[in-house]
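Trainee: The lines below spell out each chain.
4 protein chains.
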Amino acid sequence: MSSDNDRNDHYETAMAISTRESISIFGGDLSRDFIGEVSFGAYAFRLIMLREPSPGEQRLFEAVLVALADHGFTPTAIAARMTYLSAPDAIQGAIAAGILGGGSRFLGVSEDTGRILSETLAGLVELPSNANGWDQVAVQMVSNLKERKSAIPGLGHHLHKDGDPRVPKLFEVAREAGTFGPHLSLFEAMGRVAPQVLGKNLPLNGAGCCGAALAELGIPQPLLRGVVLLARCAGLLGHIADEIRTPVAQSIFAHVENHAVSTSNSTDL
Amino acid sequence: MSSDNDRNDHYETAMAISTRESISIFGGDLSRDFIGEVSFGAYAFRLIMLREPSPGEQRLFEAVLVALADHGFTPTAIAARMTYLSAPDAIQGAIAAGILGGGSRFLGVSEDTGRILSETLAGLVELPSNANGWDQVAVQMVSNLKERKSAIPGLGHHLHKDGDPRVPKLFEVAREAGTFGPHLSLFEAMGRVAPQVLGKNLPLNGAGCCGAALAELGIPQPLLRGVVLLARCAGLLGHIADEIRTPVAQSIFAHVENHAVSTSNSTDL
Amino acid sequence: MSSDNDRNDHYETAMAISTRESISIFGGDLSRDFIGEVSFGAYAFRLIMLREPSPGEQRLFEAVLVALADHGFTPTAIAARMTYLSAPDAIQGAIAAGILGGGSRFLGVSEDTGRILSETLAGLVELPSNANGWDQVAVQMVSNLKERKSAIPGLGHHLHKDGDPRVPKLFEVAREAGTFGPHLSLFEAMGRVAPQVLGKNLPLNGAGCCGAALAELGIPQPLLRGVVLLARCAGLLGHIADEIRTPVAQSIFAHVENHAVSTSNSTDL
Amino acid sequence: MSSDNDRNDHYETAMAISTRESISIFGGDLSRDFIGEVSFGAYAFRLIMLREPSPGEQRLFEAVLVALADHGFTPTAIAARMTYLSAPDAIQGAIAAGILGGGSRFLGVSEDTGRILSETLAGLVELPSNANGWDQVAVQMVSNLKERKSAIPGLGHHLHKDGDPRVPKLFEVAREAGTFGPHLSLFEAMGRVAPQVLGKNLPLNGAGCCGAALAELGIPQPLLRGVVLLARCAGLLGHIADEIRTPVAQSIFAHVENHAVSTSNSTDL
Chain A
1 MSSDNDRNDH YETAMAISTR ESISIFGGDL SRDFIGEVSF GAYAFRLIML
51 REPSPGEQRL FEAVLVALAD HGFTPTAIAA RMTYLSAPDA IQGAIAAGIL
101 GGGSRFLGVS EDTGRILSET LAGLVELPSN ANGWDQVAVQ MVSNLKERKS
151 AIPGLGHHLH KDGDPRVPKL FEVAREAGTF GPHLSLFEAM GRVAPQVLGK
201 NLPLNGAGCC GAALAELGIP QPLLRGVVLL ARCAGLLGHI ADEIRTPVAQ
251 SIFAHVENHA VSTSNSTDL
Chain B
1 MSSDNDRNDH YETAMAISTR ESISIFGGDL SRDFIGEVSF GAYAFRLIML
51 REPSPGEQRL FEAVLVALAD HGFTPTAIAA RMTYLSAPDA IQGAIAAGIL
101 GGGSRFLGVS EDTGRILSET LAGLVELPSN ANGWDQVAVQ MVSNLKERKS
151 AIPGLGHHLH KDGDPRVPKL FEVAREAGTF GPHLSLFEAM GRVAPQVLGK
201 NLPLNGAGCC GAALAELGIP QPLLRGVVLL ARCAGLLGHI ADEIRTPVAQ
251 SIFAHVENHA VSTSNSTDL
Chain C
1 MSSDNDRNDH YETAMAISTR ESISIFGGDL SRDFIGEVSF GAYAFRLIML
51 REPSPGEQRL FEAVLVALAD HGFTPTAIAA RMTYLSAPDA IQGAIAAGIL
101 GGGSRFLGVS EDTGRILSET LAGLVELPSN ANGWDQVAVQ MVSNLKERKS
151 AIPGLGHHLH KDGDPRVPKL FEVAREAGTF GPHLSLFEAM GRVAPQVLGK
201 NLPLNGAGCC GAALAELGIP QPLLRGVVLL ARCAGLLGHI ADEIRTPVAQ
251 SIFAHVENHA VSTSNSTDL
Chain D
1 MSSDNDRNDH YETAMAISTR ESISIFGGDL SRDFIGEVSF GAYAFRLIML
51 REPSPGEQRL FEAVLVALAD HGFTPTAIAA RMTYLSAPDA IQGAIAAGIL
101 GGGSRFLGVS EDTGRILSET LAGLVELPSN ANGWDQVAVQ MVSNLKERKS
151 AIPGLGHHLH KDGDPRVPKL FEVAREAGTF GPHLSLFEAM GRVAPQVLGK
201 NLPLNGAGCC GAALAELGIP QPLLRGVVLL ARCAGLLGHI ADEIRTPVAQ
251 SIFAHVENHA VSTSNSTDL
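Chains as they are written, first to last, in the numbering used here: chain A, 1 to 269; chain B, 1 to 269; chain C, 1 to 269; chain D, 1 to 269.
This is chain A alone, in the form it adopts within the complex (with noise of 0.2 Å):
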């Protein structure tokens, strides 16, 4: 409640500013030089890295948030869809419902993945030629993970056990798009490797092989997740669609309702 003079007299920002005739954004002009003449995917890659994406890392950045907007039905999509149950009237409770669940568990292992490639290829002296080299960087990641008992992140999923469909697409889509640098050459690697160091088959997974593009297109470590977060959104609106269209929030209350017991009347006790 003090009153003194506070220097802040401006608020920086690169997002847009708007006049009474125009709003610019990024140098430019918004409608003149945005509204229909660049994709969305190029603009959200824009937003966050104030640059614009070559063609390749547009097709690369727009593949990996196609991958991503859906799994059908995960934790995320049904709390959003108990959210829109209980709130019909409030779209943006129920997005924003689903947006909370991208924490550390299932939407983090992108994030977790980008970082520990990113940090193993920073210290690197030099970066391999060929597979061979990547697959002797890649043993001595896993090799330290495991040591530490760390979890090792992009590995393994609940359903995919033979490997995840996403990730050989993701591969092909970053080789055709020249996108295919050290952090997908790492990744590719670890997955080669993995089952020799953990001796036990644990394939790559599409959400990790995701936050190895996205670390490859340069997003920054703490916005990795929020990327994740964006393609998400386009999935949790289909949910809600699919939610109006053909109701099942409803039937699934009910079963967890009419299945509730008392922990002091389980038997499991």
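Misleading hints may appear alongside valid ones.
Claimed, not checked - Just so you have them, the derived chain B footprint on chain C, three or more residues with Cβ under 8 Å:
#1 9 to 17
#2 90 to 100
#3 162 to 170
Bear in mind the hints are in silico, worked out from the structure with no lab data behind them. Since this is a predicted model, take the numbers as computed values, not measurements. Virtual Cβ for every residue (Gly too), placed ideally from N, Cα, C.
Got chain A sorted already, so can you dock chains B, C and D onto it with the hints?
Mentor: Relative to the frame of chain A, chains B, C and D by itself:
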């Protein structure tokens, strides 16, 4: 808690279904048909509408998403930045906080405009064939709203008092894309007749124009707000990236805290 | 972006104001007058109403908060648990997800009941002096709603078909506390006359009774839902504690995922 | 999508279970034993801990909730008000937006303090019997944190530089209530020894003291932040009531918008 056999033995969905080997969606295969093959905007359209957009529909849809993504320091952007300041470890919370501002007041304009246009069109026996005909429908629509003392959505902007620069560009994109149909025709006519009917200059605004365009594309009424929020999600991500690079939330907080006065002490009361 | 001198040189508030030495609120001192001196329920009442509750008001207010705190596996509790499953590192997200279910459908009953009672009372020239008089007002109110084909808030419960056990207890508490006024009298009368007016047995429900009690206490209409959410916040915390001790979210998720069928494959369509 | 018989044929819970006639919780009956019989604070304690608080525990628990409920224009209060400005029709969104600020930076102090105290106590073979003994433990604890260059939670406040007025009152309440045990003893000792160990004056803060008190009451570590959020929920409700009576969000928004400058134009860069 009853244990009757609930008949909810399955939950139908048009969203993705995963098996051990593949992820199916829209009667196709996620990896083969969608990742790297369609833009994120086109895929989002499909998640909502369950059909492929035409190239013209896709262009208009992505143009609307770009137009709505960011408008600088809106209340939703401020809410997201305040939340990021408090909880930088949970970026999902900052995005969700921003999305929760998607209510009746600011982001609701798109939805309200779409609804009033759709309702008016649904009441017409025959669509007008020229601008003059659309003007007559618009005069009737605006007069009715004025008589009922309803707010007229899509008109006026607190800053762009001589016209919102996004509107002519969106019209141009829709015309080029072959998607300038009855909703946009009626919206455009509303802009022409409003000054005369209302006796004051209230130009068309961009949020209303986006609502008209989304209604044109057939986005169901209850999901219009959701599409606005998908666009806004990218803008919020931009603001969080901006906050990380050039923090302002702490200064805004300090400004407000430093200028707080107790209601009872206020000389204004 | 204009730099005109905005006259917002202060922000008035009745909430706490901190200086270097003290925290003032409600014309008193937070530490001296409130911490350890008043219950949390009484303090919450004061934060909303800016006045001290009488002992009777406090008893009814806390009774309502207890009555609304938890109803087992509601959609909001399921949403919170799903979110906790996905993002256990951000408990604020799980609580927020649960709170977002506070919309028109389930938690809105309290608000709707409070409003219809307040509106009816506002239209009376004189308050009835006995049960018979209240019955006449209630018959009129329910008949009007029935005629307008409006839903009648506060009646019926999907489970407690012979009467919600919270209702008689809340009536008893209000009578003992000396806070059984016109809102509760009209609500009670509604329960007496409804079967006859509607031609079916729809007993009073607890959510409606809580709304009647909160309206009785003078909680402003737009804040009724907020009080319900404060109560629910405690229940959500209970569910998250429960989920930590005895996890069920993973099983609910698995149940839903295992019973997903593609809409197009469904034999029901 | 497999249709194997999942064995999740029931979901255990210690929360409320409803039957047609009654609502059971904690081995009792919600209406008979809790509504109107216990305070909201005591009931919230029980929802988390599954046991009745002693009168002393209840007094300290409610004191902490009151102490944490509101601190004026915090970032979380600003986020809630911004969201209410944008979406006044969905008060649940405004409350949720405020709760989402419950992260590591501001509200996390309580949690962090509780953890460091609990960890230190867990490492002691025997509890000290006097202030001198506690001082030795505190010196060791603070020195360790200093050596590891960790932040020391519970110390310092950006405004209350000579001591947070809530701390002595919370100590007094705990002493009166007979709940001043090892956590608060160690916290108090930390305040005594910190200036000497750290070489600067950093008094104990209220958020840390509340964390110490909640840890003393046995609130499990992962739920400490949740209790803070329950308290804050009441404060957010107060801010929304305040915003309805005396709006400031529009002025804050206008201030920020009017002082936005494009990063690239900034003379600071």
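Trainee: Determine for every hint whether it applies to the structure shown.
Mentor: Against the structure, the hints come out as follows:
For the segment 9 to 17 of chain C, the stated coverage by chain B is satisfied: 7 residues place a CB nearer than 8 Å to a CB of that chain, which reaches the threshold of 3. Residues of the segment 90 to 100 of chain C lying with their CB closer than 8 Å to a CB of chain B number 5, which satisfies the three-residue condition for coverage. For a cut-off of 8 Å, the count of residues in the segment 162 to 170 of chain C with a CB near a CB of chain B stands at 0, and the three-residue condition is violated.
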